[in-house]
Amino acid sequence: MSSQTTTDNDYESASAGASSDVASFEPHRKGFVGHFHDMLHTTPALVPLIVLVGAIIVFGLLLGSKFFSPFALTLILQQVQIVGVLAAAQSLVILTAGIDLSVGALAVLSSVLMGQFTFRYGIPPAIAVALGLTVGTAIGALNGWLVSRVKLPPFIVTLGMWQIVLAANYLFSRNETIRSQEIKAEAPFLQFLGIKFQLAGATLTLGVLLMLGLILGLAYALRATAWGRHVYAVGDDPEAAKLAGVNVHRTIMSVYMLVGFICALAGWVMIGRFGSVTPSASTGMMGNIQSITAVVIGGISLFGGRGSILGAFFGALIVGVFELGLRMAGADPQWTYLLIGVLIIGAVTVDQWIRKVSA
Amino acid sequence: MEPILKGRGLVKRYGKVTALDRCDFDLYPGEILAVIGDNGAGKSSLIKALSGAVIPDEGEIHLEGKPINFASPIEARDAGIETVYQTLAMSPALSIADNMFMGREIRKPGIAGKIFRKLDKAAMEKFARQKLSDLGLMTIQNINQAVETLSGGQRQGVAVARAAAFGSKVIILDEPTAALGVKESRKVLELIKDVKARGMPIVLISHNMPHVFEIADRIHVHRLGKRLCVIDPKQYSMNDAVAFMTGAKVPDEAQAA
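As they're listed, the protein sequences go chains L and V.
Each residue of the first sequence is one higher than the one before, starting from 1 at the first, in my numbering.
Each residue of the second sequence is one higher than the one before, starting from 360 at the first, in my numbering.
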C-alpha cells in the first residue's frame with residue numbers, strides 16, 4: 001500500500017499544472033450545436049415553441065394586422081379548444097407509452113349523453129353534465145383495466161373502444177341532433193363553456209380558459225407531484241418502475257380514468273363551441289388523429305416517458321395557426337394538411353436527434 | 360443465533376422449468392452472505408423471491424422470525440429489504456434525484472404538500488447529493504441530470520447509494536460490481552463494508568470470486584435450483600468454490616446444507 005501512496009502523490013502534483021488546459025477544452029468540444037442539443041434534451045417543449053413563434057411571425061409578416069391582431073390570435077385559441085383538450089388527454093396516455101384512439105368518440109358520446117339526459121329524461125343540466133363526466137371516466141377505467149390487467153395492447157383496446165363508443169353514440173341518440181336554439185332556451189347550462197367575453201379586442205370563451213387551466217394544471221401535476229414522476233417512469237420502463245416501487249397498475253388506471261374524464265370535458269366544450277349536440281360531429285372520427293398529431297408535433301415521444309404536455313399544447317396551436325393563416329392567405333386547404341404532414345415527420349426526426357444522448 | 364432472513368423449501372417453476380427446487384436460505388444478523396452459482400442455477404429467482412419480485416410457488420420466508428409473504432417489491436421494501444437489481448431498475452429519462460426517490464417521494468410540508476401534493480425537490484436533491492458524495496461519486500456534477508447521461512459505473516453507484524440510503528433490515532445486491540471499473544468497484548466494496556460496519560446484513564450475488572472472497576463472511580453455493588453448501592471463505596480456496604458450483608467437486612457431508 002505504501003508504494004501506491006507515493007504514486008498517488010505523484011498523480012496529485014502532476015495534475016496541478018494541467019487543470020486549466022482541461023477547462024478550456026470543454027466548450028470547444030461541445031460548441032453551439034452541443035449546447036443547443038443539451039437544452040432541447042432537458043426542455044423538449046422548446047422545439048414546438050420555436051416553430052409556433054416562427055409560424056406566427058411568418059404569417060404576421062405575410063398577412064399583416066389581419067392575422068397579427070388580438071382578435072385573430074384568440075380566434076385560433078377558440079378553434080383549437082376541443083383538439084387542445086383532447087391533446088391534453090392524449091399526452092397522458094402517450095407518456096405511459098400507450099395510445100388512445102377512442103378520445104374523439106368518447107367526447108362525442110359524452111356530449112350526446114349530456115344533451116339527451118337533459119332533453120329526453122328531463123334531468124337538470126348540471127346533473128346531466130356530471131353524469132356525462134362520470135360515464136367518460138368509467139369508459140376510461142374500462143380501457144385502463146383492459147390495458148393494465150388483461151395486458152392487451154393499448155392500440156387494440158382503444159381501436160375497439162373507438163368503434164364501440166361511436167356505435168353506442170349513434171344507437172343511443174337515434175341519430176338525432178339537438179338544435180342550438182332549443183338548448184339555449186331550455187338548458188343554457190349545457191352551453192356554459194361557450195360563454196364569450198371581450199378583453200382588449202381579444203375574444204375568449206370559458207372553454208378556452210378551461211383548456212388553458214387544464215394544460216397548466218396537468219403540466220404542474222406531471223412535473224411537481226409524485227404521480228407525475230410515476231407516469232413518466234411507467235412510460236419509460238414499466239419493469240424498472242415496478243422494481244423501484246411504483247404501483248404500475250394504479251398509475252395506468254389513474255391515467256386512463258383521467259383521460260376518460262378529460263374526453264368527457266371535451267364533450268362539454270364541444271356543446272359550448274358548436275351550440276348544438278350532434279352524434280355525427282366530425283370530432284368522433286377526426287379527434288383521435290388531430291390529438292395524436294398535436295402530441296407528435298409537440299415532441300412527445302410515442303415510445304413513452306419523454307416530452308411535456310406544454311409541447312402538445314404548442315403542437316395543437318401550430319396546427320391552428322397554419323389552418324387560420326393559410327385560409328386567410330387564400331391558399332387551398334390541402335396545403336394545410338400537406339404542411340402538417342411535413343411537420344409530423346420533421347418533429348419525429350428532431351425527437352430522434354434529441355434522444356441521442358451524446359451528440 | 361436466529362437468522363434475520365430465512366427461506367425454507369422455496370419452489371418456483373416457470374412452465375416446465377424449475378428455477379428453485381426446495382431451496383433453503385439463511386442470512387444471519389450483521390454478516391455479508393455471498394451467493395454464488397453458475398448461470399441458470401437459480402440465483403436470480405432466489406433473490407427475487409426474497410425481495411418480493413416473484414412469488415414462490417411453495418415454501419416459506421421468515422424475516423426476524425416472522426413469516427412474510429411479499430406480493431410486490433414495494434411490500435418487501437416497506438419491510439426493510441432493499442434490493443439493487445442487476446438491471447438497476449432506473450428510469451433512464453428521469454433525473455438522479457427522481458430515481459433515488461422513486462416510489463417514496465418527499466412532499467413539501469404544509470398546504471403545498473398536503474393539498475397540491477407538491478414534491479419537495481430541494482430536500483430530495485440535497486439528500487441524494489449527500490448520499491452520492493458518501494459513496495465518493497463526485498464525478499456526478501448535476502443531481503438533476505438524466506440517468507441515461509451517466510456512465511454504466513455511475514448508474515450502478517446511484518443504485519447502490521439508493522439501497523444504502525433506504526435499507527433498514529437487509530440489503531440485497533445483485534452483481535453490484537459487474538459493470539464497474541477497477542476504481543469504482545473498489546468504492547462499492549468499501550461502501551459494502553461500511554454498511555456492514557453499521558450492523559446491516561447484506562446478501563451479495565456476484566460472479567467475481569476475488570470480490571466475494573474479500574468481503575463475504577459466508578458463501579452460499581447455489582447449484583441446480585437449491586443450496587448445495589455454505590462455506591467459510593477462510594477455509595476454502597476460490598478453486599474449491601468454483602469446483603462446488605460447477606459440480607466438479609462434491610462438498611463433504613459436514614459442509615453440505
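By construction, these hints were calculated from the structure, which means they are not laboratory data.
Among the clues, some could well be false.
The calculated lysine-lysine pairs, modelled on DSS-like cross-linking and capped at a C-alpha distance of 30 Å, are [said to hold, decoys possible]:
1. L/Lys-356 with V/Lys-375
2. V/Lys-375 with L/Lys-151
3. V/Lys-552 with V/Lys-365
Pairwise hint evaluation, L/Lys-151 against V/Lys-375, where the allowed Cα distance is 30 Å at most: holds (23 Å)
Compare the distance between the alpha carbons of L/Lys-356 and V/Lys-375 with 30 Å, and conclude whether the hinted pair is satisfied. violated (41 Å)
Check whether the Cα positions of V/Lys-552 and V/Lys-365 lie no farther apart than 30 Å. holds (22 Å)
In summary, the structure is inconsistent with hint 1 from the numbered list given earlier, while agreeing with all the others.
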